[in-house]
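Numbering (the numbering used here), first residue to last: 1 to 79.
What the hints contain is simulated information worked out from the structure, not anything from laboratory work.
All values derive from a computational prediction rather than experimental measurement.
There are no misleading hints in this set.
Label pairs and their calculated CB-CB ranges:
id, residue 1, residue 2, range
1, Gln76, Gly36, 24 to 34 angstroms
2, Ala23, Lys73, 11 to 21 angstroms
3, Gly36, Ser13, 17 to 27 angstroms
4, Ser67, Lys33, 12 to 22 angstroms
5, Asp52, Val72, 29 to 39 angstroms
6, Glu4, Ala62, 13 to 23 angstroms
All residues carry an ideal CB built from backbone N, CA and C; glycine is no exception.
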Amino acid sequence: GGQEATILSIYTSMFHWGAIVAAPGYSDPVQFKAGGNPYGVSTTAGENGIQDDIEDAVKHQAQRTVSVAEWVKAGQNNQ
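Throw the hints in and build the complete structure from the sequences for me.
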């Protein structure tokens with residue numbers, strides 16, 4: 001769908017900058033409550049704001065990003 005394509009396009013730009021992408025994949029069941037997008041959480045905003053059911057997936061994705069950053073940092077320190 002369009003949201004997935006948008007995320008992948010953003011990732012392409014990030015790769016040009018040398019970024020490491022920490023996509024959530026299917027690493028936690030909360031991803032499925034938020035639509036099951038393995039590339040990252042996305043939503044649309046309507047009259048009532050964003051979907052309520054994505055908050056847990058957003059928290060999981062943020063924690064995964066922090067964890068991956070810690071792994072990279074720890075690996076860098078071991079060289």
